[in-house]
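A.B. asks: Residues per chain are reported as follows:
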Amino acid sequence: MSAKIKKDRAINLALFKSTLEEWRYNPAFIPIMAIGFLFLIGYSIVSVTFVDAPIHEATFSSVFWTALPSVALLGAGIIGKNVSSGILSVLFARPIRRYSYVLTRWLALSVASSALCLILLAIEQIAAMAAFPGILPDFNTLSQAVARVSMCFGLSATFVMFSSIFPNTLDLGIWIMLSFSSNLIVEISHIEPYMISQISCNDLNRKITEFVVPICKELAIPIQSLVSPYLDLAYLTHTGSVSWYAVFTYFSNIGLCLLIAIAIMNRKEVSYASK
Amino acid sequence: MAELALNPVTPLLDGQGIIIDSVVKSFKPSIRNIIRMGSRKRVLALNEISLKVLPGEALGVIGPNGAGKTTLMGCLLGFLRPERGSIYIEGLPPESLHIKQMIGYLPERLTFDRWMTAVEFVSYHHELAGMPKETRQQDVEELLTKVGLDSNVWSSQLSRFSRGMLQRLGLAQSLIGKPKYLFLDEPVSGVDPGGALQIRQILNDLKKSGMTILVNSHQLDQVEKICDRVVFVNKGKVEAVEDLLEPEHQRRMVLIKFDSHEGELPGKEQLENIARQCGAEITSFSFLHATVEVRDNKALVNLVKTLVSENHPVLEVVPQSGRLERFFMEGKS
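Which chain is which? The protein sequence lines are S and E, in order. Sequential numbering from 6 applies to the first sequence in my numbering. Sequential numbering from 262 applies to the second sequence in my numbering.
No wet-lab data here; the hints were simulated from the structure. Among the hints, a few may not be true.
FRET-style restraints, in silico, Cβ to Cβ [stated by the list, open to error]: (1) S:W70 <-> E:K302: 33 to 39 Å; (2) S:K222 <-> E:N294: 42 to 48 Å; (3) E:R424 <-> S:N173: 41 to 47 Å; (4) E:F288 <-> S:I220: 39 to 45 Å; (5) E:L353 <-> S:L18: 21 to 27 Å; (6) S:N173 <-> E:G455: 35 to 41 Å; (7) S:A33 <-> E:T378: 18 to 24 Å; (8) E:I295 <-> S:E192: 36 to 42 Å; (9) E:E395 <-> S:S257: 24 to 30 Å; (10) E:N294 <-> S:I220: 55 to 61 Å; (11) E:Q277 <-> S:F256: 57 to 63 Å; (12) S:L43 <-> E:R342: 45 to 51 Å; (13) S:I226 <-> E:K313: 57 to 63 Å.
All residues carry an ideal CB built from backbone N, CA and C; glycine is no exception.
Chain E extracted, bound-state conformation:
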């Protein structure tokens, strides 16, 4: 896990991107907590958090529940006022109307005007965003098609929509006007696997088009496939940063599967010897597969090369946990 250098944030030279500098945010305790805990102390949600998001970057924010992820997003969107510190998007505060014209937002807990139809809802937000009336119908249809919402339900009331359909609609409204910055809070929550794949594809396309994306999510596999960089937030602080564009240099477990029809299967002792020579260790072994702990990428490459050169039928090598899963678990511990 790469350590985060918590240096003072210097403004970006060209005023692009997002700068979060030593932001502190706390909340009054709820009446329930005062009664239960007997404490009237404010709850610290963000504790001197500093971060830079570069233009065109896809940044994932992960962390346990109550870590401060949603509070951070609330501050970035100007919904919450930090007590200390500053946030700038393109050199302007997030409350600025100029910035609001550049952003798209998909909240985690979507609340819609449920009497509207899908077309009416997106048209309404198209108008709220100050987009021209002439292109409204075309833009709305393009967006609904893009998020994969079946055209048969475009004229149905939102009260009849499933959670996944509402999520797609929420994504459509967040993409109105091709925003420069896209803030997504649990974008694939409640979406079926096909929908999740489609949303991931859309986000990857948007990233390629140069959009800056900030994703809050507990779905680590999705974050891993979308983001360039991931920050681990815990107790209101950025505790670690993982650059997903860099190769991983970390111990990890892989499962090696063999094909019994294609060659000579290695015995346990034989496999242990090969693994030891390559910088790996067998943790479990059975007839057709072995779980191996490898020191780093180099060790894994050597192990596979050696097995293949000795004519052992390696069918596939499967990581036992995702990169972010390991990153998350290390961050938590």
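Extracted from the complex, chain S is given alone in its bound form:
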């Protein structure tokens, strides 16, 4: 047999290909994906044809509800399942850095979920062009594409982080809980001062609300951008120049999630003797 070649790369191509193949061959994946995809296509076609303008602006909820199903379906347990099943002990006996494993799994999840989101967007665009003759892809289409892809990469990083901490597919449950909490915080942050007197009739409640609302206002955006980071092209360029702060926040959130995942994986003991 031939001599070995020493490799030490951040992304492991063999692992990347195997991650994509793993989804392709999962017997549950194709039916669930087909049902989910058909639902989203139906929703999109109805939406662009009967309800609204051809392609929506890239609002948080429009982007979120297309990116989340793809990432959640592919990414639940992206690392946790491997840890629980014991596959990692055979994998880490190979010359692979643990950070390379984390980054490769993240990239594979991001690429696969982005591809699904972009296919969905293309179908929406075709439906819009059929419903509104003469309509061509515009800034909104580009904005949606950037937002969906960026959210896929962002959500994937969040899932990878949670998956490195929690066993099996518990990461999905934790993410849903955190996402629900962040949405609640966002809703509370929308309460204006003049509304507080209408909501609370006694002094104590009013004082608590007055105390909580400003905190929620401060926390809303950081938490939401950590749980579901994405790039809104319209917001980034609305002043005429690029908002580098928002770009930096997005990338730093992804970086933070991945760094946490790498740190946890570096400390993880993968032998079943530890169980």
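Position chain E against the provided structure of chain S, taking the given hints into account.
C.D. replies: Okay, now just chain E, sitting in the frame of chain S:
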């Protein structure tokens, strides 16, 4: 049983082989144990364990369940971090990528990407090991043939494989790139007798080629036939070492069978006298066979010689227990 001199381990001069020096490893108690036992004390898995594995040696690790064998292997592969002590393979820590390129590992509880076929699985690990693409197909076919996996199932999904077939496949992946060090955790577990023989033959060939092999196993007969040296691990410590290349100097039981058609069968008293003179003792006797406890090899040789010279028809002499079985039982007691 040879006593182990637990001297401080001195580094091997040429940096070859494996050195395990005073390694301590403990685990947090599981929630179930905390509830059941009410104790939050950490569970000590390895207790100041020291060992040297020489290059080209086949070392067996035996011991009761929970003795620390798998923990030791986990530390050797860099999966577990010892709290104290050090492990060096070829002078480098086991986490080193350079070392990972030199090792092969077959875990006890195999978990595979079950959607893959046998060829895809070995090819995947061939690629992960950094082996060249040009030789992939040839290497994979060679390995699958070597472990005796029927070529009809090479393209079948692993989800359809039996335990024994998966074990053969696991061995094939562990041999990718002819590793210098091979770590095997229960290599013949679930394999049929023919497969076990074949795996033993492969391991003996690998040993002859100079590969250093470390085997964890409860199958003492297999370990005895593969290994040069065996360590008995109990409660996280090496309690005894048995050098299988040295002749055995131990009391043991043998069964002597006679052939009634070929000569004069000895009577009980006659046999007892002969045995006593040779340093042995008859523990049971029947018409065609006797169980004898012999003091050592010399006593056994004398006994057989005397019986043959007195024209008693000795058909065969069968050890009542394997060498490692006796070693294990003594270690446990």
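A.B. asks: So the hint says 36 to 42 Å: do the beta-carbon atoms of I295 of chain E and E192 of chain S match that?
C.D. replies: holds, 40 Å
A.B. asks: Using the beta carbons of I226 of chain S and K313 of chain E, state whether their distance is inside 57 to 63 Å or not.
C.D. replies: Check passed, 59 Å falls within 57 to 63 Å.
A.B. asks: Quick check on a hinted range of 35 to 41 Å for N173 of chain S and G455 of chain E, using CB atoms only.
C.D. replies: holds, 38 Å
A.B. asks: For the pair A33 of chain S and T378 of chain E, does the Cβ-Cβ distance stay inside 18 to 24 Å?
C.D. replies: Given about 20 Å between the Cβ atoms, the range holds.
A.B. asks: 55 to 61 Å was suggested as the range; check whether the CB atoms of N294 of chain E and I220 of chain S agree with it.
C.D. replies: At 41 Å between Cβs, range violated.
A.B. asks: Determine whether the Cβ-Cβ distance between W70 of chain S and K302 of chain E falls within the hinted range of 33 to 39 Å.
C.D. replies: Because 50 Å falls outside the window, the suggested range is violated.
A.B. asks: Take a look at whether the Cβ-Cβ distance between F288 of chain E and I220 of chain S falls inside 39 to 45 Å.
C.D. replies: holds, 41 Å
A.B. asks: Taking 24 to 30 Å as the hint, is the beta-carbon distance of E395 of chain E and S257 of chain S inside that range?
C.D. replies: violated, 43 Å
A.B. asks: Verify the CB-CB distance for R424 of chain E and N173 of chain S against the hinted window 41 to 47 Å.
C.D. replies: Violated, since R424 of chain E and N173 of chain S (Cβ atoms, about 23 Å apart) do not stay within the stated range.
A.B. asks: If I claimed the Cβ atoms of L353 of chain E and L18 of chain S lie 21 to 27 Å apart, would that claim hold in this structure?
C.D. replies: holds, 26 Å
A.B. asks: If you check the beta carbons of Q277 of chain E and F256 of chain S, does the distance land in 57 to 63 Å?
C.D. replies: Hint violated: Cβ distance 47 Å, outside 57 to 63 Å.
A.B. asks: Do L43 of chain S and R342 of chain E keep their Cβ atoms within the hinted range of 45 to 51 Å?
C.D. replies: holds, 48 Å
Consistency with the previously given hints fails for numbers 1, 3, 9, 10, 11, ordered from lowest to highest.
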